[in-house]
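Enquirer: Required output: the full structure, derived from the provided sequences and hints.
If you want the building blocks of each chain, they are given just below.
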Amino acid sequence: MLILGAGAVGGYWGARLTRAGVDVAFLLREKRAAQVKADGLVVKSPKGDFTVSPKVVTEGGVGGPYDVVVLACKGYDLESAIEAVAPAVGPDSTIVPMLNGHGHFAVLDERFGAARVAGGLARISGMLGPDGEILHSGASGVSFGERDGKAPRQALVELDAACKQAGIDGGLHPDINQDLWDKWVMLGAIASMCAAMRGTVGDIVATDDGAALMRETLEECRAVAAHAGHAPSDKVLAGIQAGLTQPGSKAVASILGDMEKGGAVEARHIVGDMLARARAAGLAAPNLRFAYAHLQAYEARRARGALK
Amino acid sequence: MKILILGAGAIGGYVGGRLQQSGADVTFLVRPARQQALQRDGLVIKSKKGDAVLKVKSALGGNEGGPYDIVLLTCKAYDLDSALDAIAPAVGAGTTVVPLLNGMNHIDRLVARFGADKVVGGLARVGVALSPDGAVLHTSPFAAISFGERDGSAPRPALVALDAAVKKAGLDGGLHGNIVQDLWDKWIMLCTLAATCCLMRGTSGDILEADEGQAIVLEAVDECRKVAAAAGCDPGEKGMANVRSYLTQKGSRFAASMLHDLEKGGMVEADHVVGDMIARAKKAGVATPTLRIAYAHLQVYLARRARGGIGKPAM
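Taken in order, these protein sequences are the chains called D and W.
Counting along the first sequence from 1, when you hit position 10 you're at 10 in my numbering, and nothing is skipped either side.
Counting along the second sequence from 1, when you hit position 136 you're at 136 in my numbering, and nothing is skipped either side.
These aren't lab readings, by the way, just hints derived from the structure by calculation.
Some clues are possibly wrong.
[Unchecked claim] DSBU-like cross-link-like pairs, simulated, lysine-lysine; straight-line CA separation at most 30 Å:
#, chain 1, residue 1, chain 2, residue 2
1, D, Lys-261, W, Lys-250
2, W, Lys-48, D, Lys-308
3, D, Lys-308, W, Lys-264
4, D, Lys-308, D, Lys-250
5, D, Lys-183, D, Lys-150
6, W, Lys-283, W, Lys-226
7, D, Lys-261, W, Lys-264
[To be verified] Just the calculated beta-carbon pair ranges, DEER-fashion:
#, chain 1, residue 1, chain 2, residue 2, range
8, W, Ala-144, D, Glu-110, 11 to 21 Å
9, D, Gly-229, W, Tyr-78, 27 to 37 Å
10, D, Ala-38, W, Ala-215, 44 to 54 Å
11, D, Pro-174, W, Ala-287, 52 to 62 Å
12, D, Ala-34, W, Ala-241, 51 to 61 Å
13, D, Gly-305, W, Ala-164, 18 to 28 Å
14, D, Ala-212, W, Asn-242, 27 to 37 Å
15, W, Val-111, D, Tyr-76, 34 to 44 Å
16, W, Ala-215, D, Tyr-76, 40 to 50 Å
17, D, Glu-83, W, Glu-212, 25 to 35 Å
From a predicted model like this one, the values you see are computed outputs, not experimental measurements.
Glycine residues also receive a C-beta, built at the ideal position from the N, C-alpha and C atoms.
Expert: See the structure below:
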């Protein structure tokens with residue numbers, strides 16, 4: 001098994017798998033590879049701190065082919081990630097992308113063939129600390145499965161067993177497409193609003209129209225999912241809405257943390273693509289439109305080096 | 001003619017400084033810290049129209065002097081309550097109060113406090129800021145104040161005299177035949193710029209880089225225009241064309257001063273410039289979706305400012 005990336009998602013998941021004895025290699029950039037080789041993968045988590053010394057490979061020496069190749073990169077790094085993992089993908093490899101949104105599937109299918117590409121997503125809360133340590137802060141679930149809903153291939157069954165062995169929540173999902181949409185609907189709403197408002201859920205719902213704006217944005221995302229035939233169930237939707245309108249909530253989309261550090265953002269992947277799908281379906285999505293304009297203005301300002 | 005200026009900040013300092021330079025009798029009503037700085041350093045103006053260091057008359061609350069013919073109010077809207085208390089002793093039977101604030105909401109409060117006959121309309125169009133050491137930095141090619149009777153009638157002698165002093169001081173503008181329309185024209189521009197620059201956290205040029213940035217800006221102008229029209233003050237096609245072309249210049253590095261204030265972590269005139277426009281829209285039955293989300297953004301900013309930051313990303 002090869003994991004591209006050792007950030008909050010790939011790093012946390014892979015470290016737990018490594019500690020459980022699973023044969024995991026990390027494909028990393030030179031700088032991150034040197035750091036992990038020197039310090040190990042340092043995990044700080046409410047579930048217990050630990051450090052592991054995993055196998056690390058770099059571009060040009062990836063080895064393989066691997067049974068499972070996990071992509072745990074950001075959407076804006078997809079192209080370089082594809083080039084990096086390509087030598088590790090053999091005829092029997094399964095690629096499990098853990099990216100947000102849906103737009104990466106078309107790119108991966110085109111490059112590797114749809115048969116090799118499973119669906120996957122992470123619900124892992126965390127970020128990297130200043131010394132490359134993984135600061136895990138809450139949920140630690142992953143979800144993956146066949147995109148056509150068929151019985152899972154052997155590689156996914158084994159990945160599921162490895163996750164259970166490592167105490168990771170989730171695992172094989174019988175309807176991964178729905179799970180991807182459920183996550184995107186939630187993420188599209190919270191990322192749009194936290195970015196455009198520059199505040200936490202609690203800050204937003206404390207304003208005159210904040211809770212209404214949250215509900216409207218969630219509805220815009222739900223309608224896009226419904227048009228794709230993947231409306232979240234009432235129960236899932238009620239759970240998302242309760243989370244997004246909870247007074248005093250300190251929840252915040254990680255995209256806002258990225259913006260406040262002046263970093264790159266998955267604007268197109270999380271918000272822009274949702275808006276484009278709304279447009280293609282003839283759906284009004286006024287709040288997604290405001291949010292995407294906010295993110296594009298941020299990117300323009302970042303590009304000219306004028307962030308405050 | 002005796003003029004009292006409340007505040008020696010950016011606008012009050014520049015306008016008052018130029019008036020005094022040309023011989024007008026100007027007194028600045030200031031707080032003790034500002035008075036000490038003025039006595040120590042003088043009123044320092046840095047401007048393409050000429051730098052100046054002026055010895056000025058200043059007064060503290062409780063010792064205002066007067067009565068004055070003109071009281072120029074140049075505070076921010078969120079300081080209006082304390083400003084009203086500060087100037088009250090200086091407002092006599094023959095005094096005219098000329099507020100140079102943004103928006104319109106302050107006029108009702110001034111009228112309630114001092115009576116309609118004492119309060120005229122006024123506004124400033126000056127690109128100025130106060131430097132950390134208290135110097136007035138004038139950056140725009142123009143420096144105008146505009147004022148007039150709110151009912152459009154012939155100006156009282158005090159305003160005619162102020163107009164003469166303004167022209168003598170080399171300031172632009174002066175008496176305006178329809179000051180209420182001018183107030184709306186400025187508010188439409190300002191509200192649109194403040195709402196969109198803050199909502200997008202960028203300059204005009206940054207906003208226009210977004211796919212729908214220009215469309216959003218133009219929608220915001222239209223929202224403001226409809227509110228003005230409902231108040232009987234539609235700026236007309238020509239006025240709107242000017243505003244639109246000003247707000248849609250590709251590559252513009254121009255941003256609302258509210259964005260600068262916000263990025264310094266300062267107080268912002270959110271309620272006065274954007275919130276009050278929305279309140280008037282609601283009364284008139286005008287939909288303002290762009291102003292609404294911009295105001296929510298500003299309210300989030302004020303809430304974060306009040307609690308001093310944001311929690312660590314939690315997901």
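Enquirer: Decide, hint by hint, whether the structure agrees.
Expert: Okay, the hints, checked on the actual structure:
Taking the CA atoms of Lys-261(D) and Lys-250(W), the gap is near 27 Å; set against the 30 Å cutoff, the hint holds. Our distance criterion of 30 Å between C-alpha atoms is met by Lys-48(W) and Lys-308(D), whose separation comes to about 27 Å. This hinted pair checks out: Lys-308(D) and Lys-264(W) have alpha carbons roughly 9 Å apart, not beyond 30 Å. Of the supplied pair hints, the one linking Lys-308(D) and Lys-250(D) holds, its CA atoms being roughly 23 Å apart against a limit of 30 Å.
For the suggested pair Lys-183(D) and Lys-150(D), the alpha carbons sit about 21 Å apart, so the restraint of at most 30 Å is met. Among the hinted pairs, Lys-283(W) with Lys-226(W) is consistent with the structure: their alpha-carbon atoms are about 12 Å apart, no more than 30 Å. With a C-alpha separation of about 16 Å, the suggested pair Lys-261(D) and Lys-264(W) falls inside the 30 Å cut-off, and the hint holds. Take Ala-144(W) and Glu-110(D): their Cβ atoms lie about 60 Å apart, and the range 11 to 21 Å is violated.
As the Cβ distance of Gly-229(D) to Tyr-78(W) is approximately 51 Å, the hint placing it in 27 to 37 Å is violated. Between Ala-38(D) and Ala-215(W), the C-beta spacing of about 51 Å keeps the proposed range 44 to 54 Å intact. The hint said 52 to 62 Å for the Cβ distance between Pro-174(D) and Ala-287(W), and at roughly 45 Å that hint is violated. At roughly 60 Å, the beta-carbon separation of Ala-34(D) and Ala-241(W) lies within the given 51 to 61 Å, and the hint holds.
Between Gly-305(D) and Ala-164(W) the C-beta distance comes to about 48 Å, which lies outside the given range of 18 to 28 Å. The hinted range of 27 to 37 Å is satisfied by Ala-212(D) and Asn-242(W), whose Cβ atoms lie roughly 34 Å apart. Hint check: Val-111(W) to Tyr-76(D), Cβ distance near 55 Å, so the stated range 34 to 44 Å is violated. For the pair Ala-215(W) and Tyr-76(D), the supplied restraint of 40 to 50 Å is violated, since their beta-carbon distance comes to about 25 Å.
Checking the proposed 25 to 35 Å range against Glu-83(D) and Glu-212(W) shows it holds: the Cβ atoms sit about 33 Å from each other.
Hint violations for this structure: numbers 8, 9, 11, 13, 15, 16, all remaining hints satisfied.
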